[in-house]
Structures are given as structure tokens and as C-alpha cells.
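J.: In order, the protein sequence lines correspond to chains R and L.
Heads up, the first sequence is in this note's numbering, so the first residue is -14 and it goes up one at a time.
Heads up, the second sequence is in this note's numbering, so the first residue is 147 and it goes up one at a time.
Check before you lean on any hint, since a few could be wrong.
Taking lysine to aspartate or glutamate pairs in the EDC-like style, the calculated list, with each CA pair at most 20 Å apart, reads [claimed, not checked]:
hint : chain 1 : residue 1 : chain 2 : residue 2
1    : L       : K205      : R       : E41
2    : R       : K63       : R       : E242
3    : L       : K205      : R       : D48
4    : R       : K130      : R       : E167
5    : L       : K191      : L       : D204
6    : R       : K(-6)     : R       : D94
7    : R       : K130      : R       : E156
8    : L       : K205      : R       : E45
9    : R       : K63       : R       : E41
Because the hints were derived from the structure by calculation, they are not lab data.
If you want the building blocks of each chain, they are given just below.
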Amino acid sequence: MLDISVPAKVLFHLGPVPVTNAVVAAYVSTGVLVVIALLIRRSLSSEPGRLQAFMELLFEYIDNQLLQAFGDHTRARKFFPLIMTLLLFIAIANQLSVFPLIFQVLVEDKPLLRLATSDLSQTLTLGLVVVILSHIVALSMAPLKHIGNYFRIGAILAIRSPKDIGNALIEVFLGIMDLIGELSKIISISCRLFGNLFAGDVMVAVIVSLSAFTQFIVPMPFIFLGIFSGFVQALVFSLLSIQFIAGLVNTAAANKEARLNKGKQAALEQPATA
Amino acid sequence: MTLVIRFTHFSTHMEAEAMKFLAAGLCMGLGAIGPALGEGFVAAKAMEAMGRNPSVADKMVPNMIVAMAICESTGIYSLVISLILLFVV
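Extracted from the complex, chain R is given alone in its bound form:
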């Protein structure tokens, strides 16, 4: 019978914190990343080898994407480590199912490892990190304007005549819709990653358990599809998080600049009038 469970299984408790097999797998993929980083560092040279050249290509691609999204080099470079970490971690964690028999290692009848991104709590965490970070940065740049985007009190205050009331109500409603949109960002980005990876595993498991003849060669195309979609989803997750962060941060930066310019103009005008 198929052994498929959506929640990850708890292996042991570390104090009050339950440690699931997905968490163990996440640490394994972090370890793989560290090993790759050390390997690249040891053979670092000005004439890049194959691995180094590939990494340089990847870094350049993400750097270009960030520059296109933010339009400002210093601001884009600030978010580079986060995006690159997300991309590398998800790309490595998605490929864990390529290694044969790795999910058959059992501890007390529970698999020791499970695809880290096929656990909804992990992808939800990644999505929350991205969305909350974008809000914190936008709040620190232009707090009042950022809150005003969602609770549009300015539109109500701007009512001068009865015919403005309709417009103001529409504005308030749009603000609430934006608030719901922020929530749905978290759900969409995390469910996309979770659904793709979990579905890949389920598909291979179903085909393997169909009959004795479909255990060996038949699941191969689906495994290839899983590898491909693992890389694509890592890229999609990082590009979407770039878009989420850039959308909020760019408006906040524009608001901040407008405020500073206003202050400057006021400072310039004051001595002239005095």
C-alpha cells in the first residue's frame, strides 16, 4: 500500500521542539551546499573551472535580474544574498530525491529523510520570510505612506463634496483588496513550491506501486520531469520573491525620495521668504 502523508513525520523531540524528517533533510541539503561551497573555494582561480564558471553564470544572471527589478545597483546588491540563498537552497533541497534509496532509510518505521520542500511548513516559512521582509523594508523607508496604501484614510480625509464619497469608498475597498492580496502572495508562493514537489513524489510513488512491472524503467521519465521541475521551481521562487520585494521597496523608495525633495524645497524656500 502507498505510504503518502502530507504532514512530515516527527522523528524525535529536541526539548519541546519536534524535529521532523523534512527538517533533517533541510539540514542535509544545507550540508551539501556547504561542501559544494568549500570545494569551489579550494579550486578558486582567475581561470574558472567548470563548476566555478557555472556558479559565476548563475550569480551574474541573478544580479542582472535584481538590477532590472530594482533599477538601482546599491539597493539591488542589498537583496542579493537573500535571493541567492533561497535559489541555491531550494535547488539543492529539491534534488534530494535523485539519490536512490535515500527515502528508504527508516528510523523506528519512519523515513529518516523526506523532500524538504514537500513539507508545507517549510515552504510556508520561506514565503513568510520573503513577504514579511519586503514589508519591513518598505515600512522602514516610508512608514506612513506604506500603511496608507492599505488603510486609505487619506481618501476619506480628502472628501470635499458629496460626489467624492463614491470615489473614496472605492479607494478604501481597493486598499482592503490589496491587504488580501498580500495574504494571498504568501499562500500562492508557498503552495506552488509545495504542490509541485509533493506531486512529483506522489506521481513516482503511484507509478512504482501500480504493479511489479512498473517499478524499474517506467518511472524514469517522471523522475526526469521531477528533476527539471525542481530547478524550474527554485528559479521561479527566487524570481517571484525578487518581484514581491522590488514592487514594495520601489514604491517606498519613491515615496521617501518625494518626501526628501519636499523637505529640501521647503528648506530652500524658507531663507528666500524670510
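Place chain L on chain R using the hints.
T.: Positioned in the frame of chain R, the structure of chain L alone reads:
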């Protein structure tokens, strides 16, 4: 007429378990229509553009894949819902 009567007769005796599987199948089947059409449109337009101007093909492929993955998301939602129906509820 007899068909309707039979269906009502059937549905009153339908068990929760059967309803669950039916819901999962319907959810996945209906939810797959939209993303399939959307991804087809994206691919068709991208092919058209690549055929017209083959020199932009390299730049286009990553963008196309990202756009397709975003189109896919509604299908993934229905997949998640049917997985939850099958394995959690």
C-alpha cells in the same frame, strides 16, 4: 425521469468516503483546464515571437518558463486541495 430518481436515490446513500474521492477527482480535472489553456497560450505566443525573431530565443526561454510556472499555479492549488482531500481529510 428514472435517471433523476436513480441519481437522487444513489446520492442519499452515498458515503462520505466516496464523496471525498469524487470531490478530489472533480477538483483536479476541472482545475487542470485553465492552466492547460494558459500554458498553451504562453507557449504559442513565445513560439510565434521566436519564429519571427530567432535571435531573442535565448533571452526568451527563461521568461517563458517563469510565465508558464505562474500560469500553472491555479492548477497547483487544485492539486493541493485534492491531495488534502485524499490524504488528510
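J.: Next step is simple, just say for each hint if it's right about the structure.
T.: Results of checking the hints against the structure:
Distance restraint check for K205 of chain L and E41 of chain R: the Cα-Cα separation of roughly 18 Å lies within the 20 Å cut-off, and the hinted pair is therefore satisfied. Pair hint K63 of chain R plus E242 of chain R holds up; C-alpha atoms about 18 Å apart against a cutoff of 20 Å. At roughly 15 Å between alpha-carbon atoms, K205 of chain L and D48 of chain R fall within 20 Å of each other, so this suggested pair holds. Between K130 of chain R and E167 of chain R the CA atoms are separated by roughly 16 Å; this keeps the pair inside 20 Å, and the hint holds.
For the proposed pair K191 of chain L and D204 of chain L, the alpha carbon gap of about 15 Å is at most 20 Å, so the pair holds. Of the pairs offered as hints, the one joining K(-6) of chain R and D94 of chain R holds, with about 10 Å between alpha carbons and a cut-off of 20 Å not exceeded. For a cut-off of 20 Å, the pair hint linking K130 of chain R to E156 of chain R stands: about 15 Å separates their Cα positions. Taking the CA atoms of K205 of chain L and E45 of chain R, the gap is near 14 Å; set against the 20 Å cutoff, the hint holds.
Among the hinted pairs, K63 of chain R with E41 of chain R is consistent with the structure: their alpha-carbon atoms are about 18 Å apart, no more than 20 Å.
Hint compliance for this structure: no hint is broken.
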